[in-house]
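J.: Which chain is which? The protein sequence lines are A and B, in order.
Residue numbers for the first sequence follow the numbering used here, beginning at 1 and rising by one.
Residue numbers for the second sequence follow the numbering used here, beginning at 1 and rising by one.
Misleading hints may appear alongside valid ones.
Any copy, or any two copies together, can satisfy a pair, since identical chains are not distinguished.
[As the list claims (entries may be wrong)] Using 25 Å as the maximum straight-line C-alpha spacing, the simulated DMTMM-like pairs for lysine to aspartate or glutamate come out as follows:
#: 1; residue 1: K91; residue 2: E127
#: 2; residue 1: K6; residue 2: D438
#: 3; residue 1: K6; residue 2: E251
#: 4; residue 1: K6; residue 2: E73
#: 5; residue 1: K431; residue 2: D166
#: 6; residue 1: K98; residue 2: D10
#: 7; residue 1: K399; residue 2: D202
#: 8; residue 1: K286; residue 2: E62
#: 9; residue 1: K286; residue 2: E403
#: 10; residue 1: K287; residue 2: E176
#: 11; residue 1: K431; residue 2: E66
#: 12; residue 1: K431; residue 2: E176
#: 13; residue 1: K98; residue 2: D255
#: 14; residue 1: K91; residue 2: D155
#: 15; residue 1: K194; residue 2: D395
#: 16; residue 1: K405; residue 2: D434
#: 17; residue 1: K16; residue 2: E251
#: 18; residue 1: K130; residue 2: E3
#: 19; residue 1: K98; residue 2: E73
#: 20; residue 1: K91; residue 2: E176
#: 21; residue 1: K16; residue 2: E3
#: 22; residue 1: K131; residue 2: E58
The set of hints was computed from the structure by calculation and includes no laboratory data.
There are 2 protein chains.
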Amino acid sequence: MAETVKYLLDESRLPKTWYNLAADLPKPLPPVLHPGTGQPIGPGDLAPLFPMALIMQEVSTEREIEIPEPVREVYRQWRPSPLFRARRLEKALQTPAKIYYKYEGVSPAGSHKPNTAVAQAFYNKQEGVKKLSTETGAGQWGSALAFAGALFGLDVQVFMVKVSYDQKPYRRALMETYGARCIASPSNQTQSGKAILAQRADHPGSLGIAISEAVEVAAQSDDTKYSLGSVLNHVLLHQTVVGQEAMAQLEMAGDYPDMIVGCTGGGSNFAGIAFPFLGAQLRGGKKVRIVAVEPAACPSLTRGKYAYDFGDTGHLTPLVKMHTLGSTFTPPGFHAGGLRYHGMAPMVSHIKELGLIDAVSYHQIQCFEAGVRFARAEGIVPAPEANHAVKGAIDEALKCKAEGKTRTILFNLCGHGHFDMQAYTDYFAGKLTDQSYDESELAMALAGLPSVAEPA
Amino acid sequence: MAETVKYLLDESRLPKTWYNLAADLPKPLPPVLHPGTGQPIGPGDLAPLFPMALIMQEVSTEREIEIPEPVREVYRQWRPSPLFRARRLEKALQTPAKIYYKYEGVSPAGSHKPNTAVAQAFYNKQEGVKKLSTETGAGQWGSALAFAGALFGLDVQVFMVKVSYDQKPYRRALMETYGARCIASPSNQTQSGKAILAQRADHPGSLGIAISEAVEVAAQSDDTKYSLGSVLNHVLLHQTVVGQEAMAQLEMAGDYPDMIVGCTGGGSNFAGIAFPFLGAQLRGGKKVRIVAVEPAACPSLTRGKYAYDFGDTGHLTPLVKMHTLGSTFTPPGFHAGGLRYHGMAPMVSHIKELGLIDAVSYHQIQCFEAGVRFARAEGIVPAPEANHAVKGAIDEALKCKAEGKTRTILFNLCGHGHFDMQAYTDYFAGKLTDQSYDESELAMALAGLPSVAEPA
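Extracted from the complex, chain A is given alone in its bound form (with noise of 0.2 Å):
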């Protein structure tokens, strides 16, 4: 039998800073924009939302922000997370091709989502915040903001998805644990919650509603901050630790890799991945080939227009400019729920502009046929997300073994699928289907666009 081989890191090597790819851009990225002036905001038109140094990270062009200590005490509890070269997967699927899987399945809640979820509480706490608001999809992000606030004294509200809420009882169980509170959205706990509720008493909810109900929460109240989970650039710039990390460990199996692929939902765990490898491209090091997998039901980067949006659907947001879908625009149901947003990081987006990565989209039925592959290769059970990624390292490794070529590829394997079991019922009983999102409901989400244009 083949060995799957464990590339791990002493404590000591764990990062003392975050890799900020702002520095290293060809290019700056756009501007955010206030909704009403269509001028560039700064930094006090955040101040409501967030804590002070979040919003300086959110802008910052510095190469290397330091990690606080008391952030790296609590990333040690799993930190730095396992590097696996997937020797029984490569032989299972006899390819020449050299796949290594980083994992943050490791961490408490499950998912790379702490690595974000400890900072911002631990700057939240800092700056004297006692509560924070934020929404979740299918729970991870919730769960690892639940986990972050019990250990820094933080009270949690999440507002979840209600279809999540109601599907998924046993993510709410996990923040409870965590001491967090769970609320479905939309609630009538909030003017956009109430507003929604008055149009469809039974709407099923969705991120983009989540978003509006939290931000609206912490706006309204002086001792509570919003915390976001994915798509801003100081959420990106915290899972850097993972790439960091992946790159000592490579230089550790004396191997450097030809392409990196991550699934995208807001594009967290795929910066986190692959930022620090391109920062080292742009800085004159090796090309690698950088690809994003994305659910063919919700495909941003794909099939998203480059333009200013809105991050949520009550519009209370600055304006971004991403790949959107629009921000009214709703997905149909799949089983990755971290990856139904309308949006994509304005980072992400931005180097796909610059054609620095590419973009594939997949379906739900394939990802699940990957991610059992994997697991009766590897042992472990990925989440649906991460599934996009299993599905997107196989096929470029199935590629290499059609075409003879020993190729490297790195992937990350961002969570693992322990409160998904649902979905792996549902695979096996054929109860899934491939949804197409509606043309039409797209066609008018786009048109429904702001007409905002970048700053000259």
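Start from chain A and add chain B according to the hints.
T.: Below, chain B alone, put in the same frame as chain A:
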């Protein structure tokens, strides 16, 4: 905030041998008896059920038994597992005690069970076996053997106690993801199952019945062997990697336990953490207080009789001397399904009789209270079984606080609770109850013990 400290061993420190307590026992284990003759059985009697390598381990008195390299290769995917100093929990309890926990939830199947599942799959494969049959209660063992079977190319058939099969569909989904077949027990696929169903068509099943079914399947087929996840000497043996690693990790920490706490169902995770320390004590090392924590609703060590009994309800197994509640005893329903077994490992029972360990029992609600307290401090949600060990450790730490004593407590956190969130949901909803077993049923079950005495 206090820092949770992780002690990681380099892979080169992965044990090369399992530790066999039989070598250091002051008095040998009573023999296993043939139920027909009342005489000790020989290795040949067990050959229909187990590969010869495991039978020889079952009766070995060698102190160190080499771990085959292919087993170590698989172990290395997650071993050596981390040892944590629970400083955040210590702080929450305001105790002067030092609390360490060994965390076995990092295995792909989420518990300590793969330590033996992988070894058993290896030896069966080596001796040409094609299929393994087994039973599972809550599903931890079934998932572990399904995982190991997938790696070694063995078909795995799991008889899952009906009530768990219905209540825990996600454990079943996990086994199926690994490629195993999962059957509700009692089933109509065996004579044992049919006999039970004839008496009561809606029988909820029990571990004892499921064992009978799995044993029957193995006994009747040439290419199928039986696999057990606890109780037997060779299973306890395989778990000693846990305690051996913990010993090396505590050495890194410059510490040694004053007491060791483990939960006991069949006894294997308890043996895994405790036996290497007990062996050191028996060879003249430091005395350690060792505490077995069992459920008050199924209290074999604290309320059972030390006597010869069958391992299963259908009376297909040999007779072993153990603490038993009687093979017909059915405990009331509670969430730690892995602790709902009528007997206790003969070796654990033996050292209890020799006065080398203590045993206590707790009801489930207080264990869940302890588990939630642990989760909020340490971030890890324990399995309901592991909550018993957490409760035992917290109580000892609070005793230290009351007495103003600094003692070092080591416990085994044998698995995570990701597949047990219904139990937490019930706990938060106030739906958990503490049921006691029926005293008259216990009396009847004990009265029905086989009348066999230990040969002189």
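J.: Hint by hint, say whether it matches the structure.
T.: Here's how the hints hold up against the structure:
1. K91 <-> E127: Classified as between; 23 Å across copies, 51 Å inside a copy.
2. K6 <-> D438: neither (44 Å within a copy, 50 Å between copies)
3. K6 <-> E251: This pair counts as both: shortest intra-copy Cα distance 13 Å, inter-copy 24 Å.
4. K6 <-> E73: both (23 Å within a copy, 10 Å between copies)
5. K431 <-> D166: Answer is both; intra-copy 18 Å and inter-copy 19 Å each pass.
6. K98 <-> D10: Result: close both inside a copy and across copies, 24 Å intra and 24 Å inter.
7. K399 <-> D202: For K399 and D202, the Cα distance exceeds 25 Å both inside one copy (46 Å) and across copies (52 Å).
8. K286 <-> E62: For K286 and E62, only the intra-copy Cα distance (22 Å) is at most 25 Å; the inter-copy one is 55 Å.
9. K286 <-> E403: Within. Shortest intra-copy distance 22 Å satisfies the 25 Å Cα cut-off; inter-copy 62 Å does not.
10. K287 <-> E176: Classified as neither: same-chain Cα gap 45 Å, cross-chain 41 Å, threshold 25 Å.
11. K431 <-> E66: neither (47 Å within a copy, 47 Å between copies)
12. K431 <-> E176: Answer is between; shortest inter-copy Cα gap is 15 Å, intra-copy 30 Å.
13. K98 <-> D255: Cα proximity of K98 and D255: one copy only (9 Å, versus 41 Å across).
14. K91 <-> D155: Between. Shortest inter-copy distance 19 Å satisfies the 25 Å Cα cut-off; intra-copy 48 Å does not.
15. K194 <-> D395: neither (45 Å within a copy, 47 Å between copies)
16. K405 <-> D434: neither (32 Å within a copy, 62 Å between copies)
17. K16 <-> E251: For K16 and E251, the Cα distance is within 25 Å only inside one copy (18 Å; across copies 28 Å).
18. K130 <-> E3: For K130 and E3, the Cα distance is within 25 Å only across copies (21 Å; inside one copy 48 Å).
19. K98 <-> E73: between (33 Å within a copy, 18 Å between copies)
20. K91 <-> E176: between (42 Å within a copy, 21 Å between copies)
21. K16 <-> E3: between (32 Å within a copy, 17 Å between copies)
22. K131 <-> E58: Within one copy, since 21 Å is at most 25 Å while 56 Å is not.
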